[in-house]
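Number of protein chains: 6
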Amino acid sequence: MRLLLINPNISVSVTALIEAEARRSAQPGTALTAVTAPFGVAYIETRFEALIGASAVAELAGTHASGHDAVVIAAFGDPGLMALREVLPMPVVGLTEAALMSAGQLGRRFSIIAISQRIGAWYRECVESYGMGSRLVSIRSLSQPLRDVGAIQQAHCDGLVALARQAVREDGADVIVLAGAPLAGLARQVKALLPVPVVDGVSSAVVQAQALVALNTGRAMEGSFAAPPAKPHTGLSAAVAALLQPGGIQTR
Amino acid sequence: MRLLLINPNISVSVTALIEAEARRSAQPGTALTAVTAPFGVAYIETRFEALIGASAVAELAGTHASGHDAVVIAAFGDPGLMALREVLPMPVVGLTEAALMSAGQLGRRFSIIAISQRIGAWYRECVESYGMGSRLVSIRSLSQPLRDVGAIQQAHCDGLVALARQAVREDGADVIVLAGAPLAGLARQVKALLPVPVVDGVSSAVVQAQALVALNTGRAMEGSFAAPPAKPHTGLSAAVAALLQPGGIQTR
Amino acid sequence: MRLLLINPNISVSVTALIEAEARRSAQPGTALTAVTAPFGVAYIETRFEALIGASAVAELAGTHASGHDAVVIAAFGDPGLMALREVLPMPVVGLTEAALMSAGQLGRRFSIIAISQRIGAWYRECVESYGMGSRLVSIRSLSQPLRDVGAIQQAHCDGLVALARQAVREDGADVIVLAGAPLAGLARQVKALLPVPVVDGVSSAVVQAQALVALNTGRAMEGSFAAPPAKPHTGLSAAVAALLQPGGIQTR
Amino acid sequence: MRLLLINPNISVSVTALIEAEARRSAQPGTALTAVTAPFGVAYIETRFEALIGASAVAELAGTHASGHDAVVIAAFGDPGLMALREVLPMPVVGLTEAALMSAGQLGRRFSIIAISQRIGAWYRECVESYGMGSRLVSIRSLSQPLRDVGAIQQAHCDGLVALARQAVREDGADVIVLAGAPLAGLARQVKALLPVPVVDGVSSAVVQAQALVALNTGRAMEGSFAAPPAKPHTGLSAAVAALLQPGGIQTR
Amino acid sequence: MRLLLINPNISVSVTALIEAEARRSAQPGTALTAVTAPFGVAYIETRFEALIGASAVAELAGTHASGHDAVVIAAFGDPGLMALREVLPMPVVGLTEAALMSAGQLGRRFSIIAISQRIGAWYRECVESYGMGSRLVSIRSLSQPLRDVGAIQQAHCDGLVALARQAVREDGADVIVLAGAPLAGLARQVKALLPVPVVDGVSSAVVQAQALVALNTGRAMEGSFAAPPAKPHTGLSAAVAALLQPGGIQTR
Amino acid sequence: MRLLLINPNISVSVTALIEAEARRSAQPGTALTAVTAPFGVAYIETRFEALIGASAVAELAGTHASGHDAVVIAAFGDPGLMALREVLPMPVVGLTEAALMSAGQLGRRFSIIAISQRIGAWYRECVESYGMGSRLVSIRSLSQPLRDVGAIQQAHCDGLVALARQAVREDGADVIVLAGAPLAGLARQVKALLPVPVVDGVSSAVVQAQALVALNTGRAMEGSFAAPPAKPHTGLSAAVAALLQPGGIQTR
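Protein chains in written order, with the working numbering: chain A, 154 to 405; chain B, 154 to 405; chain C, 154 to 405; chain D, 154 to 405; chain E, 154 to 405; chain F, 154 to 405.
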């Protein structure tokens, strides 16, 4: 199985974290391709940054998706996920959606632990757009300004664990979701410190991608996830144009 | 007052429809700037096409917004609306949101009449994202394949009126929303044929933009619509970079 | 354009506040008629007081609405709004609904700042009845007993600003709604003190009324906002009977 | 036990239907007082007519409630119910609410069978205001214009039964609610013709009033159903003023 | 009238509390049969314990229901309620549902006061399953470990009253529901200490059972509460098999 | 990896279908134990039958779960799922929940195709209890009475495919869920006949169980999915008692 991991941000250090956790989570025979946004911001906290990230995801998917069995959009908030699902012939998985679908099978209500206050509104809207808002009891966040996003795990591990414990004891969370690609891999390090299951976005996305590839349900030819109807376009990059062209991207 | 009208699609004929209806709807002293997407598709029906459109909106806003009092994103589905609202210092209005906020004051439950079956899912998700899903009783759509999007009003006027009547009599709509920039201006032509108020997206956006400019509430300095926190970026166009730069865009 | 402003309460001092803010908000050529309830209570805090206020609104509308382009029900909680919309041939706007529709275009989630604890339940039910409950993050209220409702702005300005700041920082409000006709005009005085847009009910109602008049969508002849079916009645005042009589009220 | 039955409409023939069904439903020792609106319309189909009816309910309650153990507002849609509950010291029951609370214990999802198309919107909003909208699968209505509201049971019995059967077989209703005081008593006549439990508003209101009197939970001294805070008023009828005066109405 | 009271737990002391409060609440001529689970746990706090309790309820209902007019499942959380309603020919009432339906007619928003923290999640899911989640403002619970469940009223009366007051003043509850069969009868003792109506599960269930028996609506022959379609079964106890057999249980 | 597959019904032929599809879906090294309910009904269509099935699930889990890595409750409607998740130390997966979590990552809105009309209400309540009701557009069902549940795939394949196509074209389903263990394996046979992805419960449960085992998140020690607090019990079978005993069941 071949998975394409798309980091919608420009942070190469975060791509490394993503790839390492994906490697730890994937089945032995799975090959991974990890790519980094050629343009964009250091990390996505807002809707406008997500707009930029979604554009980078399209560019990377159009360039690299062919020959893979599934694609992972490796940022929380899942920029471009529903859009890419229309134009790619293989399963497309997002960190938030995959984490929610995993967490949903481990308990009933969950909390998201996030790396900044600002990021919370975007995460909440993402959860609500999946119809899972009634199961989200809280989003708790670090309050310090972020400096080195690639080193945030080390710098703030204790603070993140404390927030997770509060979410369990004060908010009634059955499951904790550690949110954000910069936290990739932290869940397996801190799980012994927490009294409820802890879910990581990257590993959830990898196991869910594997699950969907195994189900092998085929792609939509009708309905709202079929390829967009043919129509004139202009000025698109070759990568984006390939996504709109029937057969432009081939699954493995 | 100066309004920037952004057509997120490449159809110059639709830009002309938008500008003409905006002219009919605006107060006498209002100046209009209408711009067309430099890249993209002929019209947006799907989430992926909306991703492309949102990117074009950002490009156009970064280039043209300075010196205007408000910006109108002139496509139904409001591509990029919430994102632009974070980075522009003036009100940003979308056709769908403005139509819903107008329709909401004319009745309780509304139906959307749309130009294609495929477009319905995207519209529904847009309405739900505004928390107005409980007031949407139906989306009814033309079932023929679209040919000339700039001439759809003439070609399908009768069909659209018939759908609207069905929405009133079978679905219980109190208000009809004629959806899609290609239908700009149709509402004022057909209102005598329909038994309930009919709302047009472009005219709603213009009057709502005027309303927000009159309220003059100032922009968010905190909360989830403040400008994104400063952080490294790379590879962005000058227009998009201007949107991220404090003071990069100036209101009039 | 001629607007009728109906104060559903007996407080003449509040009518003056309403009229002054309406004058500041309206377009130059707009004429205003402000009327005060001939019976009722000093200000509405509860459902029963709203029942009385709704009755006064009907009386005033039946007496004064003819010859106006739109009617504003100038109390938060919008007593009688949906009822009047059935029987008046011109747009009818309520302070709460207009404020929500304006606030909804400036951010995603809003808080209401209110003048008494007791008033909160009635406001919440009003917001929920419009389907906007998912966007209301909090209602924060003054806790002191109210004395002179016409002077509450001066007496409690600092407290109201403090509540609004808490709503932004603790509740996550993107927009603040200053609720209650007695606060008419306060928003424009305190907006520099608050980090997010602040919406006032009276000015919102005026600009929304202007917007609806400009849209000129016509009135409902079918559906749930058409005039009530003819049927016997008895004992009604001349004003209320006029509302039930076809053509009893004429728009300008 | 003494129950006050308030008909918010002017139809004396409907008051007779209400009283007869209440008599059939009440415990042997229960005394009934049935009163008819001194002003208003023949029957309530719309929000504006409900506004008038709510005003009549207040007038009648202020005049007649003293000395009763509970009050029944005997129109579907429950005009004035929440308002009266603030000012009366005894339980106040509405036909719709009581029917829903009874139906809710006989099945999960219910349909309302109504006497006119127009009446449906008002009923739906009433059900939704009680938070029970998710359990309402349909409202089905007679489509003929109503003539003699006091004779509608005889004239339309077959049509109403047919609508109820459709609601069970096509909409999935577990319980049928026959709506409207003019149908009082029909449920017990047609229950053998229907395959699911059938609930009548008047009998539900009577048994629920008896249930609440038996519970004897006392009235609210705080919270949103306590009496309105004292404040100036003017121009109110003696009956309405009595409702606002502490101790103005005495339970038995 | 004959009511069967089923305690789904093995605590004979709680059965005594249930029966005593039912006796105080029932009409004079009502006969009560109170039975205790032959297997199970001391009290139900969790979903798994509720599964066991539901099984005991089925066993007891199959053995004892014949000859009664209604059945009360006398544990909060209503284990087995919807299931039993399919197979019993008489009304089946649960403590939670009956308390909510009573509370719903005394105010708009309610809080549940519970005897343990752990029990809260199960209660919340129960309330939400009835579609009443929007009216539940809080669940407040004792935090001490439970020892003698039959003596919890005496041991924790003050703490429970304090929680109820907090629910009114901090959470905005209009009505208090004292939850759990071990609190049967406490409401009538503490109602003078609380500023809003207080609802007890056992007395609510009794008066609601009486109300449903009085309505005499007949049982479902179609829809989702009709008896399960005939099909092979094996290994069931005689009591459970009787529930599945047409005519296996007879109402009085 | 060792999976325990629990058929909550007594139909050995269905257990064989479940095991065969699980074998086709599982990774090569996965060992399967399939067990059949020792008591119960032929197949579950109603809430009461689900109560019986949940009891059988507890019995089987208490007897067989030790030594497995995950447990699959192999009936649609997931009888006992949330309850077992409290008492088992390994992941517990249900057919419905797993299918929804898989379907949720393949599209936005889904339809369930079911084997009987009666079964629909129970399925709908199950979906709603997971908070996914807003994504369910329809349940379509065979209308013929069921005879041989083990042979239903062959007998009704064409009818099921026709229902699925209607769900796509008339209801707007993006994904089809073929519901019920008796349909295990049908999805892979008919997927070429359907225009959208088709999800099977058994294969979804197997791949989701594998995903959760791979995530290895540990079990809840606090919150609402921790083991029930210790308390007296009596009369329980050895299997159920083992589930309540700390360490009574051991993961592999």
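Calculated from the structure, these hints are not laboratory results. One or more of the hints may lead you astray.
Treat identical chains as interchangeable: a pair holds within one or across any two.
[Said to hold, decoys possible] Cut-off 25 Å, straight-line C-alpha distance, at most; resulting in silico cross-link-like pairs (DMTMM-like, lysine to aspartate or glutamate):
no.	residue 1	residue 2
1	Lys384	Glu172
2	Lys384	Glu281
3	Lys344	Asp301
4	Lys344	Glu172
5	Lys384	Asp222
All figures in this text were calculated on a predicted structure; none of them were measured in a lab.
Verification of the hints:
For the homomeric pair Lys384 and Glu172, the shortest alpha-carbon distance between copies (23 Å) is at most 25 Å, but the shortest distance inside one copy (37 Å) is not. For the identical chains of this complex, Lys384 and Glu281 are neighbours neither inside a copy (32 Å) nor across copies (27 Å), given an alpha-carbon limit of 25 Å. When the C-alpha separation of Lys344 and Asp301 is checked against a cutoff of 25 Å, the pair qualifies only within one copy, where the shortest distance is 24 Å, while the shortest distance between copies is 35 Å. Taking identical chains as interchangeable, the C-alpha atoms of Lys344 and Glu172 lie at most 25 Å apart only when both belong to the same chain, with a minimum of 20 Å there against 33 Å between chains.
For a Cα distance limit of 25 Å, the shortest separation of Lys384 from Asp222 qualifies neither inside one copy, at 28 Å, nor across copies, at 34 Å.
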